[in-house]
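Engineer: Below are the chains, spelled out letter by letter.
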Amino acid sequence: MDRLLPRVLFVDLTRYRFWVEERPELFRDRLGGTGVGIELLWERCPAGTDPLAPENPIIFAVGPLSSLFPLASKTVAMFKSPHTRNLGESHCGGRTALALRLAGYGALVIEGRSDVPVYLAIHGDKVYFRDSRALWGLSSSATVGRILREVEPGSGYRTILRIGRAGESRVSYANVIAETYRHFGRLGLGAAFGSKGLKAVVISGKGSIPVAQVGRYQKLYRALHDKAVRSELMRKYHDLGTAQNVGPLNEIGALPVRNLQAGRYDEEPAFTGERLAQGYLGRRLACTGCPVACIHLAALREPHPIEPYFYKTTFVSYDHEPLYALGTMLGMEDAEGVLKLIDAVEHAGLDAITCGVVLAWATEAFHRGLLSERDTGGLAPGWGDAATYVEMARRIAARRGELYDLLAQGVDAAATRYGGAEFALAFGGNEMAGYHTGPGAYLTYLSGARHSHLDSAGYAVDQEALAQGRSLTPEELARALFQEEARRQVLASLVVCFFARGLYDPETVAQCLEALGSEWDAASLARLGEDILRRKHAFKVREGFSLGALRIPGRVAETPTPHGTVDPDWLRQALAAMSRLLHGEPS
Amino acid sequence: MARRLSVVDVERCVDCLLCALACARRFGEGGLARSAIAVRSAGGVERGFVVVVCRACSDPPCLAACPVGAVEKARVGVKVLADRCIGCRACVAACPIGAVAWDEERGKPVICVHCGLCATFCPHGVLALEEVGGG
Ligand code: SF4
Ligand code: SF4
Ligand code: SF4
Ligand code: SF4
Chain A
1 MDRLLPRVLF VDLTRYRFWV EERPELFRDR LGGTGVGIEL LWERCPAGTD PLAPENPIIF
61 AVGPLSSLFP LASKTVAMFK SPHTRNLGES HCGGRTALAL RLAGYGALVI EGRSDVPVYL
121 AIHGDKVYFR DSRALWGLSS SATVGRILRE VEPGSGYRTI LRIGRAGESR VSYANVIAET
181 YRHFGRLGLG AAFGSKGLKA VVISGKGSIP VAQVGRYQKL YRALHDKAVR SELMRKYHDL
241 GTAQNVGPLN EIGALPVRNL QAGRYDEEPA FTGERLAQGY LGRRLACTGC PVACIHLAAL
301 REPHPIEPYF YKTTFVSYDH EPLYALGTML GMEDAEGVLK LIDAVEHAGL DAITCGVVLA
361 WATEAFHRGL LSERDTGGLA PGWGDAATYV EMARRIAARR GELYDLLAQG VDAAATRYGG
421 AEFALAFGGN EMAGYHTGPG AYLTYLSGAR HSHLDSAGYA VDQEALAQGR SLTPEELARA
481 LFQEEARRQV LASLVVCFFA RGLYDPETVA QCLEALGSEW DAASLARLGE DILRRKHAFK
541 VREGFSLGAL RIPGRVAETP TPHGTVDPDW LRQALAAMSR LLHGEPS
Chain B
1 MARRLSVVDV ERCVDCLLCA LACARRFGEG GLARSAIAVR SAGGVERGFV VVVCRACSDP
61 PCLAACPVGA VEKARVGVKV LADRCIGCRA CVAACPIGAV AWDEERGKPV ICVHCGLCAT
121 FCPHGVLALE EVGGG
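The listed protein sequences derive, respectively, from chains A and B.
Per the working numbering, the first sequence starts with residue 1, numbered consecutively.
Per the working numbering, the second sequence starts with residue 1, numbered consecutively.
To be clear, the hints were calculated from the coordinates, so they are not data collected in a lab.
As the structure is a computational prediction, the values presented were derived from the model and not from experiment.
Careful, some of the hints might be misleading.
Sample of chain B residues at the chain A side, in silico, Cβ under 7 Å [what the hints assert, rightly or not]:
#, residue
1, VAL14
2, CYS16
3, ALA42
4, ALA90
5, GLU130
Here are some, though not all, of the chain B residues that point toward chain A, as calculated from beta-carbon distances under 8 Å [what the hints assert, rightly or not]:
#, residue
6, LEU18
7, GLY28
8, ALA38
9, CYS57
10, LYS73
11, ARG75
12, LEU129
Each residue gets a CB set at the ideal place from its N, CA and C atoms; glycine is no exception.
Only chain A is shown next, with the shape it has when bound in the complex (with noise of 0.2 Å):
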């Protein structure tokens, strides 16, 4: 380990102070990201604490390989989520792990609260506390970007992290968005921003890192490159991005679809990969250090409507999970609506998902009668009715009017003051992610830890059991659930994309820490990435969170996922055994 990871520099918002403590034994033990993460979340926010109070610490934190590695693009940020008022962790690309690692840290905390709307600026060594009352309040997250990128040095090797209009109001899942296309998405770090009078984090740095045994490292870093340009992976998420998956899982009836009263559409949805890329790619963009560069601009571009013959071109990052909330989830038909609306609910500053399912919910809502045209401010909700939504995204962002507010805290909120919990789709807390595939999905997203597709997905493992023609038990779906969620703990403590959980196998990553002066084996490695995963559950457990008392929405099992209806009993044996592993039983 370098001299400079383990320097974790602290921010009192209240005090305007700031100040770098040395964690070494922290750092060597958990290595990073996720893994110090955790632990500076059980030292820092005391028990109990609200999610917008000044207490709530907000943690950004890189690991060894950051910035040294191909793919370790990654920044964790850990808090108490405001959203599910439990573990707050959310992952981001970007340039942010490059930024902070230069400027010298391995983690970030900030905590307190501004009574003015500031921001911060970290160059090197140097902390600025900004007046941001000239940005508070202004329509479009991609402004404040705008203005950000002229008034700070850096360019070239700085992120730029902001929040929109959702953040100020602390919607409860109101993102924080890197580098204009990479976000903070889910939980709710947006709202904590808000709530501590932070608009932005501007950090920038270009010192470098030395290299325990140079020779190793070198060897290490081109047969890594190497291996990911020559992967499938790269072509396949290079050409298309992760859009692509849109369409297989149409095919199979995976895809949820109008609030999951449907798993496809009857015919192939004018927005997959494939057919994006021939109408609308305009670019591609990478995370600092990858190759693979899976994120996709759409070029979209409209008429100006006031001036004639005048063209205005806005560029809309694209992903499956915005496609499938923003898309097939409300019943859109036509590409150009999807990506006007992604592109509102960017500027606004929300969870593509949580933001997708809420509208989803409240359109089926309406057409049951649950919700006037009292409750909607004369709107009229309709499956594939972009305008309506769009609009109704910018009041969820203003939280105006009883009804908005209540969507701004998610779908249960809203469930709980206008009825329709059977088809309110969140877990945990959390709104669901764009996989219907069976069994699997839905165990990852009630037991993983941050109710997030990506903690162990169980929609890989339902795939394969597919291709496979096999079903497995609960107790065997547990298992492979809670190994795969802990392997991730390791790449998120490095920290790797989780794309490139194939490049980094636990002897690779051996070699790299090796590489790097730090010793570890595959068993040392495999006894962190549980030991994470507890630790994190046992903190949930603190605030509360109990696996036992999930609820599992009637709507799962109403629609027939590829594995046919998922049984609401067999996902509770397979939860108790999840619960059973998660407080020791060895795996």
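With chain A held as given, fit chain B with the ligands onto it using these hints.
Structural biologist: Then chain B with the ligands, alone, in the frame of chain A:
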């Protein structure tokens, strides 16, 4: 024939910085402190990128500007004699395209030596070594 690093197709640049990180690895270190190549967005990432690196001028303004003769002509481009350099930054100001990078840790300039390492790590065909006449 001598070869010069050239930006051959900037439209395909994805802003991954693999080039800049490779350049710093020439010195067996990570990071960007001693990287001679930089990538910047052309006013927002959606507008594309500018790759900033030495063009190997035949009559280099950076060399002419150095008050102590610490920038020398090389077979291609220039060479910085770090032990002679007093860290005045005159070369930085003189380069018309901003291609003299500054190593903050050592207080010395970094200028591309046209070795081509960055091009071998650019996955998208943006950079290449090109033959140049003379030398
Ligand atoms: S550093 Fe600039 S001035 Fe000097 S040779 Fe290169 S391009 Fe020309
Ligand atoms: S910084 Fe060094 S190389 Fe550049 S002009 Fe000054 S003395 Fe010469
Ligand atoms: S050619 Fe060599 S010195 Fe020049 S930018 Fe590329 S790696 Fe650096
Ligand atoms: S390696 Fe190639 S694609 Fe990546 S930033 Fe450099 S020039 Fe652009």
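Engineer: Confirm or reject each hint.
Structural biologist: Outcome of the hint check:
Hint on B/VAL14 holds. Least Cβ distance to chain A is approximately 4 Å, under the 7 Å limit. Because the closest C-beta pair between B/CYS16 and chain A is about 4 Å apart, less than 7 Å, the hint holds. For B/ALA42, the interface hint is violated, since its Cβ never comes within 7 Å of a Cβ in chain A; the closest pair sits about 11 Å apart. For the restraint placing B/ALA90 at the interface with chain A, the shortest Cβ-Cβ distance is roughly 21 Å, beyond the 7 Å limit, so the hint is violated.
Checking B/GLU130 against chain A: minimum C-beta separation of about 22 Å lies over 7 Å; hint violated. About 6 Å separates the beta-carbon of B/LEU18 from the nearest beta-carbon of chain A, less than 8 Å, and the hint is met. For the restraint placing B/GLY28 at the interface with chain A, the shortest Cβ-Cβ distance is roughly 4 Å, inside the 8 Å limit, so the hint holds. Annotation: interface hint on B/ALA38 holds; nearest CB of chain A at approximately 5 Å, less than 8 Å.
Annotation: B/CYS57 was flagged as interfacial toward chain A, and the flag is violated, the nearest CB pair being 22 Å apart, outside 8 Å. At about 28 Å, the closest approach between the beta carbon of B/LYS73 and any beta carbon in chain A exceeds 8 Å, and the interface hint on this residue is violated. For B/ARG75, the shortest C-beta to C-beta distance to chain A is roughly 25 Å, which exceeds 8 Å, and the interface hint is violated. Violation of the interface hint for B/LEU129 is found here, the shortest Cβ-Cβ separation to chain A being roughly 18 Å, above the 8 Å cut-off.
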